[in-house]
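S.K.: With these hints in hand, go ahead and build the complete structure from the sequences.
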Amino acid sequence: MTTELFIQYLMAGITYGSIYAIVAIGFNIIYNTTGIINFAQGEFVMFGGMIAISLLHFMPMPLAIALAVIITMVIGALIEICFIRWLKSPSVLRMIIITIGISILSREVAVHIWGESIRSLPYFVGNEISSIPVFGARISPQVLWVVAASALMVIFLGIFFRTTSIGREMRACASNRKAATLCGINTQNMVTLSFILSAGMGALAGCVMSPITYSQYDMGTGLAIKGFTVAILGGLGSSGGAVTAGILLGVIEAFSVSVVPLAFQDAISIAILLIILFVRPQGLFGSKEAAGLSEF
Amino acid sequence: MKKFASKLLMAVMAVSLLAVPALAENIKVGAILAVTGGASFLGGPEARSLEMVVEEINAKGGINGSKIELIIKDSAASPEKAISFAKQLIEEDKVLAIIGPSTSGETMKIKNICEEAETPLLSCAAAEVIVNPVASYVFKTPQKDSFAVKKIFMEMKKMGISKIAVLAGNTGFGKAGKQQLTDIAPEFGIEIVEAEVYDKKSNDLSAVVAKIKANKDVQAVVNWSIVPAQAIVAKNMRQAGWEVPLFQSHGFGNIKYVEAAGAAAEGIIFPAGRLLIADTLPADNPQKALLMEYKKNYEAKFNESASTFGGHAYDAITILAAAIAEVGNDRHKVRAAIENLKNFPGTGGVFSFSAEDHNGLDIDAFQMMTVKDGKFVAYTGK
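Taken in sequence, the protein lines are chains D and W.
Residue 234 in numbering that gives the first Met the number 0 is what sits at position 235 of the first sequence, and the numbering runs on without skipping anything.
Residue 255 in numbering that gives the first Met the number 0 is what sits at position 256 of the second sequence, and the numbering runs on without skipping anything.
The hints are simulated quantities; they were obtained by calculation from the structure and are not laboratory data.
As the structure is a computational prediction, the values presented were derived from the model and not from experiment.
Treat each hint with caution, since some may be false.
Said to hold, decoys possible - Here are some, though not all, of the chain W residues that point toward chain D, as calculated from beta-carbon distances under 10 angstroms: (1) V34; (2) G36; (3) S39; (4) N169; (5) D198; (6) D203; (7) K212; (8) A233; (9) K234; (10) N235; (11) N253; (12) Y256; (13) A259; (14) A263.
Don't be surprised by glycine CBs; every beta carbon is placed ideally from N, CA and C.
M.R.: Listed below in C-alpha cells is the structure:
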C-alpha cells in the first residue's frame with residue numbers, strides 16, 4: 000500500500016468516523032439522563048439537513064443552518080413533552096419502543112413534506128470537484144468542516160457538562176435520578192433538555208454532512224445503527240469513548256475496502272457490534288461496575 | 000306515506016347500485032411500484048405517470064366505454080412486499096394485468112407468480128433476465144441492459160479505451176449489469192481490470208475510488224447502479240482529482256442526479272432513451288411528438304422534470320391500453336395482442352414485440368448522452 004493510498008483510506012475513515020461519533024454522542028446525551036436509547040436520533044440528523052435545505056431558498060446558508068438547528072431542537076423538545084414526559088415510571092423497554100415509533104413517524108412525516116428524492120446543501124467552500132491535497136492524497140474541503148464540527152461539539156459538551164450548573168445538574172440526573180430530585184433538581188426538565196441538546200447536535204451533523212452524503216427522508220435508520228454500534232463500542236454514556244470508537248470504526252471500514260469487497264463494509268460493523276456485546280458489553284472504554292448498575 | 004317514500008328511495012338506491020356496474024364495467028389494472036424507499040426515484044415518477052395517463056383515458060370516456068380502475072401498491076422496493084401484493088392483486092382484486100415492479104429484483108420474484116396465474120406483467124425494470132428466457136405473460140418496457148452495455152463498449156472502442164474498472168451497486172440491477180459487462184467485454188476486446196460492488200445505501204465511496212485509482216491501468220470507469228451512489232461516485236472521483244472518463248448506466252437518466260452531483264456530473268457519458276433530449280430531436284423522429292407531449296403534461300402537472308423512469312410506466316400503460324382497445328377486457332387475449340403489437344412509438348423507443356422478444360426495442364432505442372452545463376445533451380464524441 001502506498002502512502003498516498005494509506006492517507007486516502009485514513010481520511011475517508013475519519014470522515015465516516017466523525018459522522019458516526021456525532022450520532023453516538025446524541026445517543027449518549029439522552030442515555031445519560033434517561034437511561035434509554037433514543038432510536039429516533041438518526042431522524043434528528045435527517046430533519047436538520049432537510050430543514051436547512053428548505054430554508055436555503057429564503058436565506059443565506061449560515062442562517063438557514065442555525066435556524067434548522069433551532070427548529071430541530073424544538074422538534075426534539077416537543078417529542079419529549081408529547082411522548083416521554085407524561086409517562087409515570089415507564090419501563091426501559093416501553094420507552095425504547097416509543098422511540099422506535101417516533102422514528103417511523105418522523106420518516107413518514109418527512110416523506111410527506113419533502114418527497115422521496117435526495118437533496119443536499121451546497122458545499123460550504125468550493126464545490127463538488129474541489130479538493131485539498133494532503134500528503135499526496137486529496138480530500139474534499141467539506142471533510143474538514145465535518146471533522147471540525149465534531150471536534151467543536153465534543154469540546155462544547157465537555158465544557159458544558161463540567162463547568163455550567165445546568166450541565167452539572169444533568170450529570171447528577173444521570174448518576175442518580177432520585178438523589179438528584181431530592182437535591183431539588185427538576186429531573187423532568189433535565190430530560191427535556193437532553194432531548195433538545197441531542198436534537199441540536201444531530202441537526203448540526205445533518206447539515207455539515209449533507210453535501211458529502213446527501214439528505215434523504217430515510218437516511219436516519221442507517222445512521223442510527225452505526226451510531227448505536229459506536230455508542231456501544233465506546234461504552235454507553237461516554238463522549239470521549241464515542242469519538243474514539245467512531246473514528247476507530249470509520250477507519251476499520253475504510254481499510255476493510257482494501258481486503259474484502261466493499262459490500263461487506265456494513266457486515267464488518269455489525270460483526271464488531273456483536274463481538275463487543277458478547278465479549279465486552281460495557282464497551283471498550285466503559286467500566287464494568289458502572290454498566291452493572293444501569294438498568295439497560 | 001313517509002314509510003313508503005323511504006322504501007321507494009331505498010329501492011331506487013338498490014337498483015342504481017346494481018345498475019351502475021352493468022352500464023360500464025371497470026377494467027382493473029394493478030401496479031406494484033417502489034413509491035417510497037431506496038428506489039423511490041423510480042417508483043415515484045412511475046406512479047405519477049400512471050395516474051396521469053389513466054386520468055386522461057378516463058376523462059375521454061375510457062377504453063371502448065369502460066373506465067380503467069388503477070390500483071397502485073407501494074412495495075418500497077421490497078421483494079417480499081412485491082410478492083404479497085402480486086398475490087393480492089391477482090387473487091383478491093382479480094386485475095387484468097399488473098404494471099411494475101420498479102426494480103429488477105422484485106420483478107424476478109413475481110415473474111413466475113404472474114406466469115402461473117396467467118396475468119400479464121408489464122415490468123418497468125431494466126434487467127434482461129426478466130424477458131430472457133421469455134415467459135409468455137411477462138413483458139418489460141425499459142431498454143435491455145445488454146444494449147446499454149454494447150452501446151457503452153462501442154463508444155469506448157471509438158475512444159481507444161481497452162482497460163476499465165467496473166463499479167456496481169448490490170441491487171438486482173447492479174448485479175445484472177455487472178454480469179452483462181463481464182460477459183460482453185471480451186467481444187469488444189475490453190478488459191475489466193478492477194471490479195467492486197458496493198452497498199446500495201453507501202453514502203461515501205472515496206475509499207473504493209482510492210482503491211481503483213491506485214491501479215494505473217484503468218482508462219475509464221463504468222458505474223452501474225440505480226441509487227444515489229451514481230452521483231457520489233462522480234463526486235468522489237473528481238474530488239480525488241481523477242480525470243478518466245466516467246460511464247454510467249441508463250439508470251443515470253434523472254436530472255436530479257445531475258443536480259446532486261453538481262459540477263462533478265459534467266462529462267459523464269451514458270446511454271439513455273431520447274426523452275431526455277426530446278426538444279433537440281429532428282421533427283421527423285417517430286417518438287418526437289409523443290415525447291414532447293408526455294414531457295409537457297408531466298412537468299405541468301407535477302412540477303418536476305420528467306425522467307425516463309416515469310416514461311417506462313407511461314409506455315407500459317399505453318401499450319396495455321392499446322391492447323385492451325383491440326381485444327377487450329380479457330387477459331389471455333390482451334397478452335396475445337401485446338405480443339403482436341408492432342411499430343408502437345413509446346418514450347423508450349419504438350416497440351415491436353414478438354413471441355421471442357417481449358421487450359420489443361432494438362439497440363437504437365438508446366442514444367449516448369453526456370452532461371453539459373448541468374443539462375443532458377446528445378454525446379457526439381470528444
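S.K.: Look at each hint and say if it fits the structure.
M.R.: How the hints compare with the structure:
no. : hint : result
1   : V34  : holds (7 angstroms)
2   : G36  : holds (7 angstroms)
3   : S39  : holds (3 angstroms)
4   : N169 : holds (5 angstroms)
5   : D198 : holds (5 angstroms)
6   : D203 : holds (6 angstroms)
7   : K212 : holds (8 angstroms)
8   : A233 : holds (8 angstroms)
9   : K234 : holds (5 angstroms)
10  : N235 : holds (8 angstroms)
11  : N253 : holds (9 angstroms)
12  : Y256 : holds (8 angstroms)
13  : A259 : holds (6 angstroms)
14  : A263 : holds (4 angstroms)
Of the numbered hints given earlier, the model fails none.
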